[in-house]
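J.: Each protein sequence line maps, in turn, to chains A and B.
Residue 228 in this note's numbering sits at position 57 of the first sequence, and the numbers go up by one each step.
Residue 152 in this note's numbering sits at position 146 of the second sequence, and the numbers go up by one each step.
The set of hints was computed from the structure by calculation and includes no laboratory data.
Treat the hints with care, as some may be off.
[What the hints assert, rightly or not] Derived DEER-like restraints, expressed as beta-carbon distance ranges:
(1) ALA114/B x ASP274/A: 44 to 54 Å
(2) ASP201/A x GLU247/B: 46 to 56 Å
(3) THR200/B x SER184/A: 40 to 50 Å
(4) ASP88/B x GLN240/A: 23 to 33 Å
(5) ALA271/A x ASN193/B: 39 to 49 Å
(6) ASP257/A x GLU267/B: 37 to 47 Å
Note that the coordinates shown come from a computational prediction; the quantities given were computed from them, not determined experimentally.
Think of the CB as a built atom: it goes at the ideal place given N, C-alpha and C, for glycine as much as any other residue.
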Amino acid sequence: MGVDPGRKDRMMSELTRDRILDDVAGILADFHGREYLGTISLETRFFADLGLASIDAVVLGETLQNYYQRPFPFADLMARMGQRTDRDLTMGELVEFLHAHQDIPAN
Amino acid sequence: MPFVHANGLKFHYQQAGAGPDVMLVHGLTGDLSIWLLCQAMQTLSASWRVTAFDLRGHGYSEVPPRGYTSADLAGDLLGLLDVFGAENAHVIGHSFGGVVAVHAAVLAPERISSVVLSDPYFPALRHLENASRWGHWEAFRQEALEAGVELSDEHWYDLSHFFDQVQHLDGERMLKFRQAVGLPGLNRLMRLSTTTCGVDTRVEGGLSSELIATMKRPALALYGEFSPFLATSEFLEENLENCEVAIVPGAKHRAPEENSESFVRLIEGFLARQSAQGTESLISHQNTLC
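My request is simple: use the sequences and hints to build the entire structure.
T.: Below you can see the structure in the form of structure tokens.
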């Protein structure tokens, strides 16, 4: 594994909503073999538009925690999704969630 | 992503909490996310070490070409207990996950403290059930039919028949089918269809009705009020030595989704009673020694 030059920056700096959306879009562009070529916006829906499943949301959560080197309460987000009839999630909601919980101290 | 190796296969898992072990086993074509969506993982991890994992062939676990009987899957469960250093565990299984829990409990009763069986049907008890009672199945069948896939009542239990039907749809019909039945994980389902999962899960796999009846571990059979498998719940109540049945109000086959609040509360209550009884028997044992 090579050195990840952005890692320290991601750990220390404040995450803006724009940056989080760019980061999530970058991760989803090559997500476990399911490449998504369309533009990802705040309105893009995780299941209906990207064709992903709830287990992908779990794994995306794990990936984002590694990427940002800090924990996020993804179990709470999953519980919220579980209460919805369509169980879907927009990128805007995900960005908002990550932005709101970025101050949890890294391990 | 957290992975462990057991029985020569790579398993994706999630673990939270500390205390006695609880293992969560999802059903066929499902994955571990069910336990996060219904909040079983979050709630139970306050008092237990809770581990949810993707069964072989499912979620992000490895997909071997064969080995999907309840005996194989029970072997994986016991293998994972070894990997996690768990001498024993309470096992909560949904649907076929419940079959896996019972199979593990008869193969290694000393490793399984108790089982919660969420709406399982057992291949050996298929003769008790009647798919026409299954409203969800009827709705699913109708939606599939509109998209060009015929699923008949006599094949309701047969995943390989379902895989065959869906696999041969052309691009446009496949898209329509996917939209109609709402299966965002269709690719994963298609991957499973290349294995022996469909064939393996419709056979008893060594878990005969006689063997099911020998299961002596404390059991909670948790069935939806409108479950298609209430005949199985009656069998379990009548034939298992230590089984209580509880009904999840308003639920059909998928209580974790359909009434997650009651589902989790009933499990929590059962596990708390197991814990209290375990403590009582320990105290009683210590008093005997004194």
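J.: Which numbered hints turn out to be false for this structure?
T.: When the structure is compared with the hints, numbers 5, 6 turn out to be violated.
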